[in-house]
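Q: Dock chain U against chain S, hints included.
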Amino acid sequence: MQNLRRVTQAAFLLFFLFLFVQTEAKGNDELGYPVRFFLDFDPLIFSTTILSAHAVAKAFYLSVTMIAATLLLGRVFCGWVCPLGTLNNLVASLKTRRSRPFGRDWYRLKYLILIFLLASSLLTMQLVGIMDPLSLLIRSFSISVYPLFNYGTRAFFDGVYNSDVKGLVRVSESAYSLIKKTVLSFQQPFYKQNLFIGVIFLAILGLNLIEKRFWCRYLCPLGAFLGILSRSSLLKRSVSEGCNSCGVCATVCQGNAMPDRKEKWRMSECLYCWNCDDICPQKAVGFGFVRRKTAGMDLGRRRVITSMLSGIVAVPFIRSNPFSKTAYSNPTLVRPPGSLSEKEFLKRCVKCGECMKVCITNGLQPALFEAGLEGIWSPLLVPRMGYCEYRCTLCGQVCPTGAIKRLSLEEKARTKIGLAMIDKGRCLPYAHARPCIVCEEVCPTPKKAIWLENATVKDRAGQEIAVKQPKVDLELCIGCGICEAKCPVIDRPAIYVTSVGESRSKENQLLLS
Amino acid sequence: MGTVPYDCLTRTAGCIIGKISLTQGTNKKNLHLKGASVNRREFLKLAAASGIGLSLPLGLDTLYDTTEAAMNTDLVVAHGTSPARITRAALDAVGGMKRFVSRGDIVVVKPNMAWDRLPEQAANTNPEVVATVVALCYEAGAKKVKLFDRPVNDPRRSYVQSGIPEAVKAFGAEVEYTDDRKFREMKIGGEAIKSWPLYADIFEADKIINIPIAKHHSLANLTMSMKNWMGVMGGLRRSIHQRLDESLADLTLVIKPTLTVLDAVRILTANGPQGGDLTDVKRLDTVVVGVDQVAIDSYGATLFGMKGSDLGYVRIADKRGLGTMDLGKLKIRKINL
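Protein sequence lines, in the order shown, are assigned to chains S and U.
Numbered according to our numbering, the first sequence spans residues 1 to 513.
Numbered according to our numbering, the second sequence spans residues 514 to 850.
Bound conformation, chain S alone:
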């Protein structure tokens, strides 16, 4: 059974990675298979989004199949499917020394986390993405692991290429071109907080060295969600008379479900890995479909109430800051086109980072505190990193929860994400008597939002120079930021976009209309 499980796990992990790599622009308007497919099956995000936003993207009804599967088969998802679980397995296999599992009651922690998240989402705060394993995995891969992989691979092959060793270069270059075509991204991605998010991810994997599947056992809120469901699972483990209580099963149990305690084992912690069955020297362990009542789960009433209250208190605690004040806008909080109004956006965004992964210019970056604490790792456009491509709608196509609406090309052309303004103190034709029209040239609106006024300026010698000075037509500007991205004043551009005027907001407006 172990081998069958490993093959299944590997297949799902590879499928996940395949979808991940495929979540990239190819030049067409439509994307093939975004990695959100996995999130569509995530019943935890499904539930918290219903609680927080009272609405959910249609695709999420797929997660009902996962609920049904768990009711039938227990936490098979954790043991057989979850790509983060599989990675945890892989890292845990590096651990050679067996250590005693953590305190018996630590498993409760993940249920308390789940209760916290559900309570806060009931009060419209969507924090689940921070800890949901699929969201966490996609985010960590997008922001940290994949950029690292790309950078390292490119650096390696560039190094060989520059070494000028003839035969070696030929081999390495053909390998490189194959890798470029298959698994590397089109261009090297760069993300803010790559290190921060990467360290968190490494820490989660590293915990396996303290105890295998530490994350799955003690922290994972999706595991907890499925654990609760699995208590009514029809697939149950049974131990026959033959058991001589040798206890070897407890050493191989992935979920720390205490299989050696026979009927008193913790069913909700079982990952259905079949290890206990495989290893039992007496062949006393079996799995089968039975209707039998299982013992209740005791999390401790006080603990449950405490975590519920924490989840409730967290909402006003986090929100009582200037970001909740009407008409207080953060100029750098330029959201992707199609984003809902900020409140509705935050109710839905699960910080999975797919929009950032797919962003064609690498302009979408994870927020830190630009949108308050609850907006951490939500996407914002940093035009210096990359502008919003006029005819691209990919971020809305991959967003699993509809925080970013899917726009048609016509809608996209009408959607303002901010407005550009000119810094005359730095702009060449205004301040330095030099011609430049780059912002106007690249402005993508059919009638250009940036227009030029002929002007005659004087240089130091008093000589008259004809220049064209750019102006922004605020009615036409959609805030895509290509002007900022391409401005020749490269360090602090002479034209830049801020969020004011964004279509999605009633308050953050400039023009009287």
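The hints are simulated quantities; they were obtained by calculation from the structure and are not laboratory data.
For each residue, glycine too, the CB sits at the ideal point set by N, CA and C.
A portion of the hints provided could be inaccurate.
Claimed, not checked - With a straight-line cut-off of 30 Å between C-alpha atoms, the simulated DSSO-like cross-links for lysine-lysine are:
(1) U:Lys656 to S:Lys26
(2) S:Lys486 to U:Lys769
(3) U:Lys659 to U:Lys611
(4) S:Lys468 to U:Lys795
(5) U:Lys695 to S:Lys180
(6) S:Lys180 to U:Lys682
(7) U:Lys611 to U:Lys656
(8) U:Lys611 to U:Lys842
(9) S:Lys447 to S:Lys26
(10) S:Lys26 to S:Lys180
(11) S:Lys486 to U:Lys695
(12) S:Lys166 to U:Lys657
(13) S:Lys486 to U:Lys795
(14) S:Lys468 to S:Lys424
(15) U:Lys795 to S:Lys447
(16) S:Lys180 to U:Lys656
(17) U:Lys769 to U:Lys820
What the hints assert, rightly or not - Coverage of chain S stretches by chain U, computed from C-beta distances (three or more under 8 Å per stretch; other residues unrestricted):
(18) 20-27
(19) 383-391
As the list claims (entries may be wrong) - Here are a few chain U residues that face chain S, going by a calculated C-beta distance under 8 Å:
(20) Asp629
(21) Val665
(22) Tyr672
(23) Gln674
(24) Leu749
(25) Arg751
(26) Ser752
(27) Pro786
A: Frame of chain S, contents of chain U only:
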């Protein structure tokens, strides 16, 4: 590179052609780069028009019919509803692609595919024109035809939406994204730019064919052949706008295309160089073919109701002897299909 194997033709057609050209006031450099193939009737018409018909014994004209008229033509302007047919006809009229591309050549074809726009928006070169040129290169025996551009918008979208990769796929041409490693610092020694990282492929190719599209541009007034070479510039090329006209003329010091095909099937008359509004697009159903980029850009200006001298970079290049701006000095042949 940049030279064309016409020496033999010039020699065989010998003194007669030399005379014709001189009477037309064409300078020697242009003569050197001309090539030809027209049918007998067209030749006679041409010869009569240029007043040299009498100098040729009528019975001998067939001897020259692959060389005469084309040797005597600086620009061919072909007009007609099918982009493929006018491109082919224009190439035939300058002597056929065989004049420019030899068997086994590696040819770089440089279209404009710098913008995330569709062909009907006239921001990128017409894919049918490009595909026809590519097909002609292979027919002439080219070993490999490579196409690339360094787009302003996302390269993937610019390439795909331009329709060019799809159009040339059937001929086996290589459409490649530019590779950062291949930009090499090149000495230019120009007025505005002394040196610049340029794409190595254009210096390694045997032949280069420039296929720009004619468009409005707010600083250059118009962008056509000479400005299309911004697509092989690496580095922070946006800064050349500070001295755009000089910089474009400087580029022609080192980039010497074998042939230029100006796409004016659709021209963009405003909001260039990327447009987006179909009312700014004008259908001219025209291509202009020639060797002298300055001459082509000078002629191209007339398509917009301007003169070559309205374009700073054309004026500068003409003054520096990099090409001919004065259309009166050029032999221009018009074909209507």
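Q: Please go over all the hints and tell whether each is borne out by the structure.
A: Results of checking the hints against the structure:
Only pairs whose Cα atoms come within 30 Å are accepted, and Lys656 (chain U) paired with Lys26 (chain S) is accepted, the gap being roughly 28 Å. For the suggested pair Lys486 (chain S) and Lys769 (chain U), the alpha carbons sit about 28 Å apart, so the restraint of at most 30 Å is met. Proximity of Lys659 (chain U) to Lys611 (chain U) is assessed by CA-CA distance (about 18 Å); at most 30 Å being required, the pair is judged to hold. The straight-line distance between the Cα atoms of Lys468 (chain S) and Lys795 (chain U) is roughly 26 Å, inside the 30 Å bound, and the hint therefore holds.
Note on Lys695 (chain U) and Lys180 (chain S): the hinted pairing holds, with a Cα-Cα distance of about 16 Å set against a maximum of 30 Å. With a C-alpha separation of about 21 Å, the suggested pairing of Lys180 (chain S) with Lys682 (chain U) holds against the 30 Å cut-off. Between Lys611 (chain U) and Lys656 (chain U), the direct Cα distance comes to roughly 13 Å. Compliance with the 30 Å bound is thereby established for this hinted pair. For the given pair, Lys611 (chain U) sits about 26 Å from Lys842 (chain U) by alpha-carbon distance, which is consistent with the 30 Å threshold.
Pair hint Lys447 (chain S) plus Lys26 (chain S) holds up; C-alpha atoms about 27 Å apart against a cutoff of 30 Å. Taking the CA atoms of Lys26 (chain S) and Lys180 (chain S), the gap is near 14 Å; set against the 30 Å cutoff, the hint holds. This hinted pair checks out: Lys486 (chain S) and Lys695 (chain U) have alpha carbons roughly 22 Å apart, not beyond 30 Å. Between Lys166 (chain S) and Lys657 (chain U) the alpha-carbon distance is near 24 Å, which keeps this suggested pair within the 30 Å criterion.
Between Lys486 (chain S) and Lys795 (chain U) the CA atoms are separated by roughly 28 Å; this keeps the pair inside 30 Å, and the hint holds. Note on Lys468 (chain S) and Lys424 (chain S): the hinted pairing holds, with a Cα-Cα distance of about 13 Å set against a maximum of 30 Å. Taken as a hint, the Lys795 (chain U) and Lys447 (chain S) pair is honoured in the structure, with Cα atoms around 16 Å apart against an allowance of 30 Å. Using a Cα cut-off of 30 Å, the hinted pair Lys180 (chain S) and Lys656 (chain U) holds, with the two alpha carbons roughly 25 Å apart.
Distance check on the hinted pair: Lys769 (chain U) and Lys820 (chain U) sit about 23 Å apart at the alpha-carbon level, within 30 Å; holds. Counting residues of the stretch 20-27 of chain S whose CB lies closer than 8 Å to any CB of chain U gives 3, which reaches the minimum of 3, so the coverage claim holds. A stretch counts as covered by a chain when three or more of its residues have a beta carbon under 8 Å from one of that chain; for the stretch 383-391 of chain S and chain U the count is 3, and the coverage holds. Contact between Asp629 (chain U) and chain S, as hinted, is supported at the beta carbon level, the nearest pair being about 5 Å apart and thus within 8 Å.
At its closest, the beta carbon of Val665 (chain U) sits 6 Å from a beta carbon of chain S; the interface hint therefore holds under the 8 Å criterion. A least Cβ separation of about 6 Å between Tyr672 (chain U) and chain S falls short of the 8 Å threshold, and the interface hint therefore holds. Annotation: Gln674 (chain U) was flagged as interfacial toward chain S, and the flag holds, the nearest CB pair being 7 Å apart, inside 8 Å. Interface hint status for Leu749 (chain U): upheld, as the beta-carbon distance to the closest one in chain S is roughly 7 Å, under 8 Å.
Interface hint status for Arg751 (chain U): upheld, as the beta-carbon distance to the closest one in chain S is roughly 5 Å, under 8 Å. Hint status for Ser752 (chain U) relative to chain S: holds, with the closest Cβ pair at about 5 Å, below 8 Å. Interface hint at Pro786 (chain U): satisfied, since its Cβ lies 6 Å from the closest Cβ of chain S, which is below the 8 Å cut-off.
Of the numbered hints stated above, none is contradicted by the structure.
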